[in-house]
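Chains A and B, in that order, are what the protein sequence lines are.
The letter at position 134 of the first sequence is residue 134 when you use my numbering, and the numbering goes up by one with no holes.
The letter at position 91 of the second sequence is residue 91 when you use my numbering, and the numbering goes up by one with no holes.
Simulated from the structure, these hints should not be mistaken for laboratory data.
Treat the hints with caution; some may be incorrect.
As the list makes no split between identical chains, a pair holds if one copy fits it or if it spans any two.
Within a straight-line C-alpha distance of at most 35 Å, the following computed DSBU-like cross-link-like pairs (lysine-lysine) qualify [as the list claims (entries may be wrong)]:
1. K115 / K59
2. K193 / K183
3. K183 / K115
4. K59 / K121
5. K120 / K81
6. K43 / K134
7. K59 / K116
8. K81 / K116
9. K183 / K43
10. K75 / K122
11. K81 / K122
12. K115 / K193
13. K59 / K120
14. K5 / K121
15. K5 / K115
16. K115 / K75
17. K183 / K116
18. K81 / K43
19. K120 / K75
These are the residues of each chain, in order.
There are 2 protein chains.
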Amino acid sequence: MSLYKLTYFNGRGRGEIIRLVLTAADVPFEDNRLSREEFGHIKSTLPFLQIPTFEIDGKITLCQSLAIARHLARKYNLAGKTELEQVQADMIVDCIQDMLNPIIAFVHGDYDANKKAELKKKYLEEQLPVFLTKLEQFLVANNSGDSFFVGDSLTWADLYLVRANGTFNLLLGLEQPFANHPKLRALFERVTKIPRIAAYQANLPVTQF
Amino acid sequence: MSLYKLTYFNGRGRGEIIRLVLTAADVPFEDNRLSREEFGHIKSTLPFLQIPTFEIDGKITLCQSLAIARHLARKYNLAGKTELEQVQADMIVDCIQDMLNPIIAFVHGDYDANKKAELKKKYLEEQLPVFLTKLEQFLVANNSGDSFFVGDSLTWADLYLVRANGTFNLLLGLEQPFANHPKLRALFERVTKIPRIAAYQANLPVTQF
Numbered sequence: 001m002s003l004y005k006l007t008y009f010n011g012r013g014r015g016e017i018i019r020l021v022l023t024a025a026d027v028p029f030e031d032n033r034l035s036r037e038e039f040g041h042i043k044s045t046l047p048f049l050q051i052p053t054f055e056i057d058g059k060i061t062l063c064q065s066l067a068i069a070r071h072l073a074r075k076y077n078l079a080g081k082t083e084l085e086q087v088q089a090d091m092i093v094d095c096i097q098d099m100l101n102p103i104i105a106f107v108h109g110d111y112d113a114n115k116k117a118e119l120k121k122k123y124l125e126e127q128l129p130v131f132l133t134k135l136e137q138f139l140v141a142n143n144s145g146d147s148f149f150v151g152d153s154l155t156w157a158d159l160y161l162v163r164a165n166g167t168f169n170l171l172l173g174l175e176q177p178f179a180n181h182p183k184l185r186a187l188f189e190r191v192t193k194i195p196r197i198a199a200y201q202a203n204l205p206v207t208q209f
Numbered sequence: 001m002s003l004y005k006l007t008y009f010n011g012r013g014r015g016e017i018i019r020l021v022l023t024a025a026d027v028p029f030e031d032n033r034l035s036r037e038e039f040g041h042i043k044s045t046l047p048f049l050q051i052p053t054f055e056i057d058g059k060i061t062l063c064q065s066l067a068i069a070r071h072l073a074r075k076y077n078l079a080g081k082t083e084l085e086q087v088q089a090d091m092i093v094d095c096i097q098d099m100l101n102p103i104i105a106f107v108h109g110d111y112d113a114n115k116k117a118e119l120k121k122k123y124l125e126e127q128l129p130v131f132l133t134k135l136e137q138f139l140v141a142n143n144s145g146d147s148f149f150v151g152d153s154l155t156w157a158d159l160y161l162v163r164a165n166g167t168f169n170l171l172l173g174l175e176q177p178f179a180n181h182p183k184l185r186a187l188f189e190r191v192t193k194i195p196r197i198a199a200y201q202a203n204l205p206v207t208q209f
């Protein structure tokens with residue numbers, strides 16, 4: 001039995017950063033993937049009615065994907081080497097999340113099709129390029145952008161870019177979301193060429209999100 | 001000159017948790033409050049176009065309120081005493097944030113007045129009571145709810161409940177948001193009776209949010 005059990009939908013979404021951190025750290029875990037129906041059956045029993053949840057040693061059940069991923073990143077030396085690197089990694093993760101947040105409105109929001117199309121157009125043409133430019137500026141401020149988001153080694157902030165790429169691919173149909181941001185694109189390639197990450201990415205299950 | 005400079009609007013909102021952590025830790029800081037107009041002038045120069053920002057020693061500028069507050073909480077022993085307490089505090093903060101997130105839709109969302117009223121009614125009658133009940137369950141699971149959210153001492157998760165209370169007061173007009181959740185209410189009172197927090201709360205500037 002694994003020490004760790006992740007429970008999430010059969011998708012990447014908010015579960016993926018936990019899978020990526022554990023993959024980078026080479027730590028085995030049980031990857032429990034629920035259908036919508038199965039989630040409905042257990043929802044009321046969950047700490048905050050949400051998945052992902054994360055069980056440790058069959059005793060403790062955590063929720064909140066970023067809290068879980070940060071905990072694991074710290075445990076397995078993927079959170080930054082100094083106090084400053086750690087807060088910077090946390091900051092970049094939250095900035096990437098802010099970049100992803102508007103997507104929910106035009107994918108699942110309570111709007112008609114015209115309004116959704118308008119929001120999506122605004123996101124792709126106006127909001128997303130600004131977010132990506134600001135992220136690239138962060139990156140370039142550290143070692144001219146030729147290293148990682150913080151310090152000189154991989155952190156979970158870099159892995160969160162891989163998580164974002166999955167959302168851009170699957171929800172927006174953007175195959176090369178970083179095409180116009182060469183330093184971000186190079187970082188994405190650097191991270192996804194790390195052998196364990198490359199093997200994981202090559203064997204991702206086909207999912208809707 | 002203070003080591004720390006917080007820049008935010010003249011409101012509580014996303015800046016308040018940083019003020020509360022520094023107040024609890026008895027650490028002085030410069031509390032730089034901007035008008036909307038002043039924010040407009042500096043927006044393009046900010047790391048992610050957002051405030052709060054937080055300057056350390058005039059050298060480093062951070063953004064993302066929760067990343068900043070967590071960093072300070074760790075530095076001043078308000079983040080939890082063990083790895084487990086730390087991830088649980090992070091989790092509770094994110095759950096409280098999830099409880100607050102729907103408010104933005106009916107306060108600032110792109111909806112007509114009827115839709116906003118409908119969303120607000122649903123929030124107050126259906127969503128908020130469930131969030132509060134789940135939070136109270138967390139609390140009760142630790143020392144029967146007679147201590148703090150995690151462990152046996154104050155963490156920034158408890159302070160985040162004070163931040164939430166401010167939002168309920170100012171944006172929703174709820175003077176006693178925890179009235180139906182006695183253990184949460186008792187926690188709120190326990191925290192706001194800590195002398196430094198009590199003095200801070202008694203001298204809060206009158207603001208819109």
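Results of checking the hints against the structure:
no.: 1; hint: K115 / K59; in the structure: neither (46 Å within a copy, 43 Å between copies)
no.: 2; hint: K193 / K183; in the structure: within (15 Å within a copy, 50 Å between copies)
no.: 3; hint: K183 / K115; in the structure: within (33 Å within a copy, 43 Å between copies)
no.: 4; hint: K59 / K121; in the structure: neither (46 Å within a copy, 38 Å between copies)
no.: 5; hint: K120 / K81; in the structure: neither (38 Å within a copy, 44 Å between copies)
no.: 6; hint: K43 / K134; in the structure: between (37 Å within a copy, 12 Å between copies)
no.: 7; hint: K59 / K116; in the structure: neither (43 Å within a copy, 42 Å between copies)
no.: 8; hint: K81 / K116; in the structure: neither (42 Å within a copy, 46 Å between copies)
no.: 9; hint: K183 / K43; in the structure: between (41 Å within a copy, 24 Å between copies)
no.: 10; hint: K75 / K122; in the structure: neither (40 Å within a copy, 40 Å between copies)
no.: 11; hint: K81 / K122; in the structure: neither (38 Å within a copy, 45 Å between copies)
no.: 12; hint: K115 / K193; in the structure: neither (39 Å within a copy, 48 Å between copies)
no.: 13; hint: K59 / K120; in the structure: neither (42 Å within a copy, 38 Å between copies)
no.: 14; hint: K5 / K121; in the structure: neither (39 Å within a copy, 37 Å between copies)
no.: 15; hint: K5 / K115; in the structure: neither (39 Å within a copy, 40 Å between copies)
no.: 16; hint: K115 / K75; in the structure: neither (44 Å within a copy, 45 Å between copies)
no.: 17; hint: K183 / K116; in the structure: within (31 Å within a copy, 42 Å between copies)
no.: 18; hint: K81 / K43; in the structure: between (37 Å within a copy, 30 Å between copies)
no.: 19; hint: K120 / K75; in the structure: neither (38 Å within a copy, 41 Å between copies)
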